[in-house]
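Protein sequence lines, in the order shown, are assigned to chains A and B. Okay, so the first sequence: first residue is 1 according to the numbering used here, each after it adds one. Okay, so the second sequence: first residue is 131 according to the numbering used here, each after it adds one.
Taking lysine-lysine pairs in the PhoX-like style, the calculated list, with each CA pair at most 25 Å apart, reads: (1) B:Lys250 with A:Lys123; (2) B:Lys141 with A:Lys125; (3) A:Lys59 with B:Lys174; (4) A:Lys59 with B:Lys217; (5) B:Lys142 with A:Lys123; (6) B:Lys509 with B:Lys549; (7) A:Lys125 with B:Lys134; (8) B:Lys315 with B:Lys501; (9) B:Lys217 with A:Lys123; (10) A:Lys125 with B:Lys250; (11) A:Lys67 with B:Lys217; (12) A:Lys118 with B:Lys134; (13) B:Lys209 with A:Lys118; (14) A:Lys107 with B:Lys174; (15) A:Lys123 with B:Lys141; (16) B:Lys625 with B:Lys597; (17) B:Lys252 with A:Lys125; (18) A:Lys123 with B:Lys174; (19) B:Lys174 with A:Lys67; (20) B:Lys611 with B:Lys501; (21) B:Lys217 with A:Lys125; (22) B:Lys211 with A:Lys107; (23) B:Lys174 with A:Lys4; (24) A:Lys118 with B:Lys141; (25) B:Lys134 with A:Lys123; (26) B:Lys142 with A:Lys118; (27) B:Lys509 with B:Lys536; (28) A:Lys118 with B:Lys217; (29) B:Lys252 with A:Lys123; (30) A:Lys67 with B:Lys211; (31) B:Lys174 with A:Lys58; (32) A:Lys118 with B:Lys211; (33) B:Lys142 with A:Lys125; (34) B:Lys217 with A:Lys107.
Everything labelled a hint here was simulated from the structure, so no lab data went into it. Keep in mind the model is a prediction, meaning the values are calculated, not measured.
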Amino acid sequence: MAKKMSNRQYAQALYEVTTGLSGADLKDIIAVFVKIIVRDHKLKQAENICEEFIRYAKKQAGEVAIKVTSARELDKSTLEKIKKIFGNKVESVRNVDESLLGGVTVKLEDRILDASLKTQLNKLKLSLNS
Amino acid sequence: MSTKQIVEELKKSIKQFEKTVEVEEIGTVIEVGDGIARINGLTKCQAQEMLEFTGGIFGVALNLEEETVGAVILGEYQKIKEGDTVKRTGRVLSVPVGQELVGRVVNALGQPVDGKGDLKTKEFYPMEKIAPGVMTREPVHEPVQTGIKAIDAMIPIGRGQRELIIGDRQTGKTAVAIDTIINQKGQNMKCVYVAVGQKESKVARIVAKLEETGAMEYTTVVVAGASDPASMSYLAPYAGVAMAEYFADQGEDVLIVYDDLTKQAWAYREVSLLLRRPPGREAYPGDVFYLHSRLLERACKLNKDNGGGSITALPIIETQASDVTAYIPTNVISITDGQIFLETDLFYRGIRPALNTGISVSRVGGSAQLKSMKKVAGKLKLAMAQFRELEAFAQFGSDLDPETKKQIDLGQRMTELFKQTQYSPMPIAEQIASIYAVSNGYFNDVEVAKVGETEKKLLEFMNRSKKKLLDILTKGDWDDKIETELKSACEEFVKQ
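So here's chain A without its partners, still in its complex pose (with noise of 0.2 Å):
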């Protein structure tokens, strides 16, 4: 038997092979690919494999995701500059979270940007505790 293949893995192989295609001939691609999974017992997986798609696919369009969470809602003009530092393509989620005090966390895939005040003071408290 072939090595087991993951979610993402299938996505990537889809997106590989589905990319500037269109019409009958991606149809035709969607079918076969439709029918593997259905070989691999995979089908109950479909959804997510369809969620590591669309990530995917982002990712290759060179699209950012990103989740803003600050303490206080924040101004237009503020989001669109911290948009700003991660590209030209980002898709932002907004979160407050009022006990981060002040400043902002930016979560990119999966790491943390953490600016808060929460964090600062922490960091503050460590320092004069040794």
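Put chain B on the given structure of chain A with help from the hints.
Then chain B, alone, in the frame of chain A:
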């Protein structure tokens, strides 16, 4: 820190406020169970790296897979939920080390559990470290005095040696180790006692005993109790040896007892199976040999250029029904420099410590034995082996030729002499004196059952009137003059 400094610090920090941005790498928990967690993300995670879960609970990354990281949780895993974020700390697993640890009871992470306040250590050592290489070592040449006659005479242990203590449950394995720790008083030795998977009550009793005998003044106890998670039991020996390494790096001699490695292997098996590593023989993972070999290799005698410190390891292994051919016992026997076998049979016959002198060996300790002890006890091991062969004939009594009878006689008296009660380690000079007296026939007129009593009298006599001779014997020198002196002392005693 003065108020002014605090204000300064605050000002500085506030000034820098906009410049510093913390970059944290995070992952999300996708599965939790029985002390392990599977985490998505954490792309740049290192092996053995500490991870911080929400709520300040720490974990260690053990399995780095394509999409996920498998980690053990050190602490209460009940509070961790699916979807929690996990932060990288960038530190590999380490424990606090330093002189402050002496006299303390700590857990596998080096946190005090004895209620004597915080540790004020400054340094951290990584738990996992590659053992010192060939060029930094030298052969063992100084003795570790266990204070147990049978061991010091026949199975000598050197500083830097690894001597396995093996036997069934309830044969006095821990007793041998604890007696050895107690006897290190004034021997210029630091001790680390690592209790793995032991009952908390037993550990409490041992700590109380060590305190009572004053042994806690130079001892650190590392505890991973039976109720702690398996990950703690797995890590405790590494934590202990890291603390020992600190002392060794300062040029000190350290004795470390792992009580016991069987339970550590069980804990590691549990963790490995939960992390879905493939099981092998007896369901242990493939690297269970490496688990123990890398631990015991860290016992060493460093040469002068590297400070001259040493770590002597006394690992303990519990066998089931005296089966030394099981997986873990054979592994550890092959790693160590000898073993002390304790047997149930002997234990119930009243021979305590229940040492089987036939299969107990010390492969390197001979060169570390004191010269005087070597001279006195040199032929003892062979004599005892011959005695065991002949023991079966002893019941024929009078039908034996005088030579055989003599050997049986000596064997019986020696066996009697080697009986020793718990918590009563004996100074080396007294050991030499009594072994010399018995093996040279000064006890031949004493009934076998009264050997112990007579020995006590002999030692009283020696301490009273031959103090100088005992002092000389402690130094370990041996020549004809000392022997004649010892001889005349024995004769004087017999006459009384």
